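*Asks:* Read top to bottom, the protein sequences are chains A and B. Residue 66 in my numbering sits at position 66 of the first sequence, with consecutive numbering throughout. Residue 168 in my numbering sits at position 168 of the second sequence, with consecutive numbering throughout.
Derived by calculation from the structure, the hints in this document are not laboratory data.
Listed below are several chain A residues computed to face chain B (Cβ distance under 10 Å; list not exhaustive):
hint, residue
1, Pro23
2, Leu28
3, Asp36
4, Phe43
5, Arg70
Note that the structure is predicted; figures quoted are calculated from it, not measured. Even for Gly, the Cβ is constructed at its ideal location relative to N, Cα and C.
Chain residues, written in single-letter form:
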Amino acid sequence: MADTEPGPRRSDRSPWNWLLIIPVVVPLLTFLFNKDEPRLAGFPFFYWMQFAFIVLGVGCTTIVYLVTRRPSGGENASASSPAAPKED
Amino acid sequence: MSGRHTTELVVFAVLFVIVSAMGFVAARWRRPTTMQSLDEWGLGGRSFGSWITWFLVGGDLYTAYTFVAVPALVFGAGAAGFYAVPYTIVVYPLVFLVLIRLWSVSHVHGFVTPADFVRARFGSSTLALLVAITGIVATMPYIALQLVGIQATLEAMGVTGHWPLIIAFAILAAYTYQSGLRAPALIAFVKDLLIYIVILVAIFYIPHKLGGWGHIFGAAQAKFDKTPAPADGTLLNHNNQLNYAMLALGSALALFLYPHSVTGVLASKNRNVIKRNMAALPAYSFLLGLIALLGFMAIAGGIKPVAGGNGKPDGNTVVPLLFDHIFPSWFTGVAYAAIGIGALVPAAIMSIAAANLFTRNIYKEYFRRDASASEEATVSKLASLVVKIGAVLAILLLDPQFSIDLQLIGGVIILQTLPSVGLGLITRWFHRGGLIAGWVAGMAAGMWMLYRIPNPATKKLHFGGSAYPLSDIGLDTKMTVYVGAIALAINLIVAVLATVLLRALKTTDGVDVTRTDDYLADEGDPKVVQGTREVEEGLAT
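If we strip away everything but chain B, and leave its shape as in the complex, we get:
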């Protein structure tokens, strides 16, 4: 190990230890009377104000993987990888009015997960189970990918072997177990501070070293001109523009369907906090846009990605290598720590969200109907450990490419919960059977299309990306479309048709225990004691 790497590693390790200590101390932060309930362990007491929510949700949505993968995409494909920027602009105004309704109805009814809401709204535990399973399956590979972020920095520091990764995740698991959502909320401050510092320095320092922005874009265009692939370049072309817009919109629609995003929203203490954050979170989009441009800087800096575990050049290593190439070693250590710690925040929140889904919508629903709040918290804590162990095993035992494929699939499948969760917050028009039928159709269509997409660059025949070539269904065009959006359209069409059909046949629909006013409630409004609505509506079992 060179002296340079030693300096990097020392800085990295010191920052990592500080953050880990904060994770354990977080249990005492805004100390609750008891940690033994999901409201406290899983939602931080539903008490976070604007600043904490901003850091928490920002740290949750803009993950370490994003910081590594988005510039890698820009490095490889150019403009098409910049979709992350319109995606994160469109998302906030899009969900602004819907999230406050989700917060209100969850406040009144004590919902912890999106599936809790679906169960109460549509009176269907089957639909809730589908939403819960979809959420867990979509989240798991996402957690695994956070490890890819840590691994990329460790590799760049010359650290090999599995143990460093296992130790890092074991520490994360331990303080998440103890402190719940308070741990990532507190760590998010440090993580974001580091990321902001690193990116601001990078954005001024690196172009200065590389001869200015004009030169950076010029070098990128020159590289793309030389490659045989027609789709790359510093601008979009005729065939991928539609895909760019669809991917941005589809990703925006999917983002707040992910259970971990919902966790961040429900942890805030009132509606104004959410509204204020919808206006303030795009600050991170600015950061993300700058981070994406690191991909072009890596091209101009002549960075060559090192081979990953499967022997092929791993694009995810370009950003760590660029830092190593340009920065003095101590600052490279800070930058790596920013990425590594950046992985811990979302990994913690995601595992909490997945664990809550398991506890509330599988364990309590199907195994222990009368589970107490304390038992729920215990089950969730254990489930969060299982989730993290699963993520580590997935990265260590399987090709990381598998997790990347799964995450791609995750974005497509989580979109299939939009009719029940997203539209369910706005209207109760759909029949529960229609929503189930739509989910099945959307899932089937999405999986089939993903299966049909090859990736010539990696010589994969299936699951090679999310851009579906319209020529596959016999259309004479080179245009591609985003699988998630098409699958969602099929889902909606089937849900509407099935709802009309089931209504015509007068099939029994579930009973909605939420009321119009519940969606407008705010902090301090009375909460429904669990079960009373069901008794009033004659639904008690």
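For reference, chain A alone in the conformation it holds in the complex:
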């Protein structure tokens, strides 16, 4: 991100983050999908293609999540205690 002094310990920077641009840009390019044919199960292209973009969005965000997640902040790391000490 645009911080001037990136922390030595942690960072949100990752080349994988660029993947997020794809699902932000593609669904806005109406000229790509504003047509009736080819139809799929009776759905005009306009509609089924935008449903397909949901899969694109989920795919890209999932990949970025998986490669950038922090092992320490796991789901079961601390069930209810507010401040589980973290090993550094």
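For this one, chain A is given, so just place chain B on it according to the hints.
*Replies:* Just chain B, lined up with the frame of chain A:
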């Protein structure tokens, strides 16, 4: 009242009572030692894991009004109403990296509202006040519109009069008061389960009854071909494509600026929960897309919207009428309950978010600097009641159209907090004076453009929509653009120019009490005791 309506009403009432009981029991769920703090009452202890967050934020963002209004839009205008789908695809990757920073800095500093963050980041209580007021004003009509969702189902069941609505909202107010954010979090499970069941059944059952998808789209196109309006159809046309993309992007930028969205995010317990949800929440977009298509099914099913309170055909009634027309009565009751309960979750979260803004950024800032955590919780609980009473009065005493107009305006004005909240999370480059100037310019431009938009269909001269015709400023085109995006662009230009100017004049800027590392913190990291940073920086008052 017919026997059919009685069955629907009984199913509806039973589900409503179950959910209300859950709302009251929620206070004991994941029971805190005390409910008397905003962290507990207003943010559920900041402890929600991935599943709860998914249901909570999903129930928060995809509201009953959405479920009624989006298909109504598709029913009326066709493809242009489908923008809700690209909107909810674009939003998650767009905010992915920003929301984790918001979570981290709020975790470290104990922020409850977006305005809390702005105050600490830019050292300006004036800017924080503007952000808080913008949030409250944008949220209020949104809450009122949830009532429109309930009302549409009640009307479809033949229930008239104000009392059912008042009772429903009184129950909602009571358990939100008692259980805080835990109530909508628990109810969201039921609500979403019902919605998923109803929509999955609808999406297979209705096309089967109506002769297949090809026939449904054909019937829709035939209807749009007959209308004189040039902008409708099952595809976009030359003039509204740009508006479609701008509306999707503008709405996506606005969504997580709404205080209730921030509440859902801050209630999660760590960064991974947020990231995982950014990947999983689009499941709701799929649902929303299917719901939008109910509009076409209503056309193919020959549904005619019934007249609303103002005597004009009310498009919001098409989905309830379609269900009533197609489903057996008991399942129609389930479907109506899904919409009605679907209104309760967001209404609760929104009123909590608006109440927190009032408490933290108006009451504490300007009236009681030394308010304790317990006093904050009490004020917020009372404010949440006031907010809900206001919403009920707005729907009962004013034309519901007024709330719809206000919600439209709400989307435009909440975007004007993007430079301070959204960009503020990424950079501290802006001068606080520049942000205030940008906010004023963006608001003024947005309101002026909205004022200039007529709606020929409802014979309104002003505030007729959010698609601004470029011909209004003398351009020779029929193209329209989304007001919010243009107002935001003006806001940004003014904020940049004013920042450069104020820096050149060496005007004092506010002090940033957040640090680079604060934006990367995670669960278990040390929190700043409130006020210590200010003392370190020599800012204590």
